[in-house]
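Asker: Using the hints, position chain B against chain A.
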Amino acid sequence: MAQPPNIRLALSNRPENVVLVRETIAGLADAIELDAADLDDIRTAVTEACNNVVLHAYEGAEGALEVEIYSEAGACGVFVRDRGIGLQPRAHRDQWTVGIGLPVIEALAASVDFEETPGGGTEVRMRFATPGVRVLETPEQLLEPGDGTTEPGSTTTVTITPVAPLARSVLPRLLGVLAARANFSTDRISDAHLVADALSAHATDATSASHLTITVSIEPRNLELTLGPLDAGRARELISAGSDGVGDVLEKLSDRVGIEVDGSHELLDLTLTDPR
Amino acid sequence: MRPEDVPQTEELKMASTATLVSKQGLVSTKSGEIAELFERWHRDEDPVAREALVRRFMPLARRLARRYERSSEPFEDLLQVASLGLLKALDRFDPSRGHPFSSFAVPTILGEMRRYFRDSGWSVHVPRGEQERALKVRDAQETFANEHGHAPTVNQLAEYLEVESGEVIEALQAIQAYEALSLDAPRPGADGDAMTYGEAVGHDDDRYELVELDATVSAVLERIPKRERMILRMRFVEDLTQTEIAARVGVSQMQVSRLLRRSLDQLRALTQDTKKAL
Numbered sequence: 000m001a002q003p004p005n006i007r008l009a010l011s012n013r014p015e016n017v018v019l020v021r022e023t024i025a026g027l028a029d030a031i032e033l034d035a036a037d038l039d040d041i042r043t044a045v046t047e048a049c050n051n052v053v054l055h056a057y058e059g060a061e062g063a064l065e066v067e068i069y070s071e072a073g074a075c076g077v078f079v080r081d082r083g084i085g086l087q088p089r090a091h092r093d094q095w096t097v098g099i100g101l102p103v104i105e106a107l108a109a110s111v112d113f114e115e116t117p118g119g120g121t122e123v124r125m126r127f128a129t130p131g132v133r134v135l136e137t138p139e140q141l142l143e144p145g146d147g148t149t150e151p152g153s154t155t156t157v158t159i160t161p162v163a164p165l166a167r168s169v170l171p172r173l174l175g176v177l178a179a180r181a182n183f184s185t186d187r188i189s190d191a192h193l194v195a196d197a198l199s200a201h202a203t204d205a206t207s208a209s210h211l212t213i214t215v216s217i218e219p220r221n222l223e224l225t226l227g228p229l230d231a232g233r234a235r236e237l238i239s240a241g242s243d244g245v246g247d248v249l250e251k252l253s254d255r256v257g258i259e260v261d262g263s264h265e266l267l268d269l270t271l272t273d274p275r
Numbered sequence: 000m001r002p003e004d005v006p007q008t009e010e011l012k013m014a015s016t017a018t019l020v021s022k023q024g025l026v027s028t029k030s031g032e033i034a035e036l037f038e039r040w041h042r043d044e045d046p047v048a049r050e051a052l053v054r055r056f057m058p059l060a061r062r063l064a065r066r067y068e069r070s071s072e073p074f075e076d077l078l079q080v081a082s083l084g085l086l087k088a089l090d091r092f093d094p095s096r097g098h099p100f101s102s103f104a105v106p107t108i109l110g111e112m113r114r115y116f117r118d119s120g121w122s123v124h125v126p127r128g129e130q131e132r133a134l135k136v137r138d139a140q141e142t143f144a145n146e147h148g149h150a151p152t153v154n155q156l157a158e159y160l161e162v163e164s165g166e167v168i169e170a171l172q173a174i175q176a177y178e179a180l181s182l183d184a185p186r187p188g189a190d191g192d193a194m195t196y197g198e199a200v201g202h203d204d205d206r207y208e209l210v211e212l213d214a215t216v217s218a219v220l221e222r223i224p225k226r227e228r229m230i231l232r233m234r235f236v237e238d239l240t241q242t243e244i245a246a247r248v249g250v251s252q253m254q255v256s257r258l259l260r261r262s263l264d265q266l267r268a269l270t271q272d273t274k275k276a277l
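Quick mapping for you: the protein sequence lines, in order, are chains A and B.
Heads up, the first sequence is in numbering that gives the first Met the number 0, so the first residue is 0 and it goes up one at a time.
Heads up, the second sequence is in numbering that gives the first Met the number 0, so the first residue is 0 and it goes up one at a time.
Rather than coming from a laboratory, the hints here were simulated on the basis of the structure.
Positions of the beta carbon are idealized from the N, C-alpha and C atoms, including for glycine.
Do not rely on the hints blindly, as some may be mistaken.
[Stated by the list, open to error] Computed far set for chain B versus chain A, every beta-carbon distance over 12 Å:
#, residue
1, Phe37
2, Glu38
3, His41
4, Asp45
5, Arg66
6, Lys87
7, Gly97
8, Glu243
9, Arg260
[Said to hold, decoys possible] Calculated lysine to any residue pairs in the SDA-like style (CA-CA distance at most 20 Å, straight line):
#, chain 1, residue 1, chain 2, residue 2
10, B, Lys87, A, Ala106
11, B, Lys87, B, Gly110
12, B, Lys87, B, Ser101
13, A, Lys251, B, Glu237
14, A, Lys251, A, Arg235
15, A, Lys251, B, Ser101
16, A, Lys251, B, Arg232
17, A, Lys251, B, Leu239
So that you can see chain A by itself, here it is in the shape it has in the complex (with noise of 0.2 Å):
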């Protein structure tokens, strides 16, 4: 794409990271007006894509799942990247007749490119036509290749920009997926959407980066969750503008609010536990 991604996910190839992947989507598909069919066709292929990272990429073991999303004026990319075996392309066509998964995504996309990823590993390269959907203000130059050094495991990093109206659409679903994933029950994941509301509805006011950067690390009932980069002084006022008339949102809903110092830049942490 012509353009530095709008989204990117550093996630391990569980298989439960793909309906994040898909709900992802989701997410920029609300914000760019996108046509349900065409939202299906995409969400349909990159499943493909995203299922032969799980089941082949490391052969058995785990590993990265780096997904890059693009949203342009007629056209949306979507990238996938393990950093696994490394197969050649033309292995890859052959593995993946046998699951369907490459017909497919030849089927709906309007290209589809193969990559190597430096150091190992493949980057499936999706292209879809998608007249007629809202532009999104360009993002600068922000969001460098992914360095590999995701941690497998139950780590979830999501960058998007720009902040508006990405947050709005994007954090929700995001917070709502692994709130399911920790086993909170529906309440407390009707929280974690609740939550994202108030994070996203104030989150431009507390940055002057392009971008916003969302780490979760999940362990069964937990979630902890870092949000940044925030200009300094600005987390205490995100948690405080997160009041909107019923007292603090954020700190009722939350079991734990915190600040870090992180340089020149500061983040919030939140915890959102489901005891039962």
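Answerer: Below, chain B without anything else, positioned relative to chain A:
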């Protein structure tokens, strides 16, 4: 669709057997055999060869049909459309080009399915399917909460509904998006205002005074509907769970969730306006 084009039940049963066989790697090892079947079908119009090809590749059609199973179309209909696509692919495939049949069949079958959806109103059908699933999830959530006294997890809902947890997650997200479709529309009151079952039952308004909420914004709070204020208060002052609020008010937890989100959004907008006005 012409009924004679569609493989009948017997063929479908045999196709299941073919699924098992194909796992042994028929694609590569039996390609000569498949080429021979194509030749017998294309050159001699041998119906037995065609039938053998249908049996051999029906699992492929079924897999592709299954991809669209979450739409509202019955699976049998999807399978019929996919089967028709398979038959078209069998007729048009040119083995002399040296490509495997599946690389030609998959786009042909998917194309047939997409055309079918387009003709029958895809954009209408897909959301309806999602909405039906969302309703099932909502009902299951209520049933579970009533039986157990607390809200279920996604895994519990998935087990109860015998679906994958990913589908439940997507349904839960869809519920949040269905405000306009109104899964449980409020009943219009006599004065035209929206009225919930909870309000219809009646409450002691004094219990829901705003004083315990943030007094400085009570002016803003007064501008949102009473039932929303009541729900906000239950959640943020009385610290009830959404399921407990749902039980008190007589709506679903999902609706409590949506009402909370909407009213917090309204409060944010009103607060912003107030700040600007100052």
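Asker: Does the structure keep Lys251(A) and Arg235(A) at a Cα separation of 20 Å or less?
Answerer: holds, 15 Å
Asker: Can we trust that His41(B) is non-interface, i.e. its beta-carbon lies farther than 12 Å from all of chain A?
Answerer: Consistent with the label, His41(B) stays out of reach of chain A, its closest Cβ about 22 Å off (over 12 Å).
Asker: Find the nearest Cβ of chain A to the Cβ of Lys87(B) and say whether that gap is larger than 12 Å.
Answerer: holds, 14 Å
Asker: Take the C-alpha atoms of Lys87(B) and Gly110(B), compute the straight-line distance between them, and say whether it is at most 20 Å.
Answerer: holds, 11 Å
Asker: Given the hinted pair Lys251(A) and Ser101(B), is their alpha-carbon gap at most 20 Å?
Answerer: At roughly 56 Å apart (the allowed maximum being 20 Å), Ser101(B) and Lys251(A) break the hint.
Asker: At 12 Å, judged by beta carbons, does Arg66(B) keep clear of chain A as stated?
Answerer: violated, 6 Å
Asker: Lys251(A) and Glu237(B) were given as a pair; does the straight-line alpha-carbon distance stay at or below 20 Å?
Answerer: Holds, at about 11 Å.
Asker: Report holds if the minimum CB distance from Arg260(B) to chain A is greater than 12 Å, and violated otherwise.
Answerer: Since the minimum Cβ distance to chain A is about 6 Å, Arg260(B) lies within 12 Å and the statement is violated.
Asker: Report holds if the minimum CB distance from Gly97(B) to chain A is greater than 12 Å, and violated otherwise.
Answerer: holds, 14 Å
Asker: At 12 Å, judged by beta carbons, does Glu38(B) keep clear of chain A as stated?
Answerer: holds, 22 Å
Asker: For a C-alpha distance cap of 20 Å, please report whether Lys251(A) and Arg232(B) respect it.
Answerer: holds, 12 Å
Asker: Over 12 Å to the closest beta carbon of chain A is the bar; see if Asp45(B) clears it.
Answerer: holds, 27 Å
When each numbered hint is compared with the structure, violations occur for hints 5, 8, 9 and 15.
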